[in-house]
Amino acid sequence: MQLTRTNAMIQDELTHSSRETRQDTRGRALTYLSIGLVVVLVVAIIYFIAARGVATFTTNHVTLSEFFGINWQPTATDSNGRPEVGALPMMVTSFSVTILAALVATPFALSVAMFMTDIAERRGAKLLQAVIELLVGIPSVVYGFIGLAVVVPFLRRLAGGTGFGILAGTIVLCVMVLPTVTSLAAASIRAVPLSLRQASYAMGATRWQTLRKVVLRAATPGIITAIILGMARAFGEALAVQMVIGNTTVLPRGLFTPTSTLTSTLTTEMGNTVPGTLQNNVLWSLALILLAMSLVFNLLVRLVGRKGALPS
Amino acid sequence: MMNAKQSDRLATVVIYTLVGVVIATLVFLLGYILFQGVPHISWRFLTTASSNMTAGGGIRDQLFNSLYLLVLTTIISVPIALGAGIYLSEYAPHNAVTSFVRSAIEVLSSLPSIVVGLFGYLVFALKFNLGFSVLTGAIALTVFNLPILTRNIEESLEDVPNLQREAGLSLGLSRWRTTTKIVLPTAIPGILTGIILSAGRVFGEAAALIYTAGQSNINVSYTDWNPFNASSFLNPMRPAETLAVHIWQLNTEGVTPDAKAISAGASAVLIIVILLVNLGARGLGGLVYRRLTGKQAKGAA
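Protein chains in written order, with the numbering used here: chain A, 1 to 312; chain B, 1001 to 1301.
These aren't lab readings, by the way, just hints derived from the structure by calculation. Just so you know, even glycine gets a beta-carbon here, dropped at the ideal spot from N, CA and C. It cannot be assumed that every hint is accurate.
With beta-carbon atoms standing in for the labels, derived distance ranges [unchecked claim]: (1) B:Glu1166 <-> A:Ile99: 50 to 58 Å; (2) B:Lys1127 <-> A:Thr6: 56 to 64 Å; (3) B:Ser1099 <-> A:Leu103: 30 to 38 Å; (4) B:Glu1158 <-> A:Ser18: 23 to 31 Å; (5) A:Arg122 <-> B:Ala1024: 20 to 28 Å; (6) B:Gly1056 <-> A:Val150: 19 to 27 Å; (7) A:Glu133 <-> B:Leu1046: 22 to 30 Å.
Computed cross-link-like contacts, EDC-like style, restricted to lysine to aspartate or glutamate with a CA-CA straight-line distance of at most 16 Å [what the hints assert, rightly or not]: (8) A:Lys213 <-> A:Asp118; (9) A:Lys213 <-> B:Glu1166; (10) B:Lys1181 <-> B:Glu1166; (11) B:Lys1181 <-> A:Asp24; (12) B:Lys1181 <-> A:Glu20.
Please construct the entire structure, taking both the sequences and the accompanying hints into account.
Below, the structure written as structure tokens:
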């Protein structure tokens, strides 16, 4: 170690950044690069899909009312020579299966969540929790396969017809989103402070009164978030639904007639069209709707979060 | 009108019934896959090529493709997610830009996987001319994997107590050094668990792959180790149907006579791998933690 330093060395030390600073700058640059890449990716996804999706309207001059029509036959034209690209049947089916799945799944999810947090003893709750977490990880094609092998034949025997349709899609989606909704709802119910429960019991409330009027009330924002995220997953699910919905693009007439969702049409038809044609562009418009709905679900979660954060 | 006690009893019965239905469904689901599928799993099933027209096909190529895609995806996504996670936990200032970045990641994580797949198809398969290939598939899966992995790494880093950072900085280490040499090693068990759990998701993903990695296979040679040869099994430019895509394919457009048996077997393989991955993640996380923190298991010293 040198104790005396020359002027040059001191000058160098004072006018240049230290080794540590240079190291930090390099490291920082690496992290900026990574996060930049992620942001560019998100922007690129939105840009490319939006650019392709609006081509139907700008390049092919399809009007919005035609796009929201009920006849989907992109290779054909109607009596006025206009392309038949009415996407309403798919939107109706997509929203139907999503809402129905959420409606059916919610009571089950809430019961299991309350059972895990407030009713079962610790060991049973832990076991149930582990199974639920395992089910979150089951691939959607497996749900679709079981839907096709078990649910569709069952409905066929029950109601006649083919068995494919909204009800089959609802059942498959319901089982698929149940674990997600349950574990998120359980987390928010568990987060309700014990003191609230104790206060309620101390005033002589029964367990159900406590759960319904105190615990569920306090956990409402979290529960709503869980349901919205479940709906987002159901709305965007492609293959499991495609396998059981029947893939006939007509307005659904009931729970048992074959129909198709936005995702199932995209899955089956994207490979059969030539890029740049109307038939292809209109599929990208469907993808744009999916993207937009995903943003809407995101926004809803945010709004609920903000509302829930307010002191009440 | 019911009194409070009666309605409490009724509610309890209803809750128990609903929970019972859910448990029965879960047991049926797992039981169905395992009982229908496991009898079909044999060494021959795992090591025979699939066949479209005749019965008796296996899942050799699909199984390999799934694993290969998983490895490639992990190699591409872990460094990027590490960088992004470190940025968010160690460097990000509390301002509008950071909250924009966070919302972008949230949007990415909630995108339907079919949309991610179509983006990969449009940009990488068509625009960059990579076609239906292992590489395109790995990029699509990376997009799908990044937000979850980034958030997991960020959370694992944030769990490290600030005292550790203060100790590093007060010794004169740069922020970067402190992060890579002190904070990151402490967070490794959590990060590793996250990587393994995301591997399970990647392994079962299909919607993002049908238009990126493709729905077909070419004949590959498993003895050709040169990834630049067109017929090598390591060639990243070949189309590759994965196990999950194969299950979907068999059940929608397939003309394979024993489609149901093969799907059941393949589903069981998929579930078993994911089960092992989940158990492995829990076990490995704890093991690495003990190693890194020097807290040896009993008798190991």
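- Report the numbers of all earlier hints that the structure fails to satisfy, in ascending order. 9
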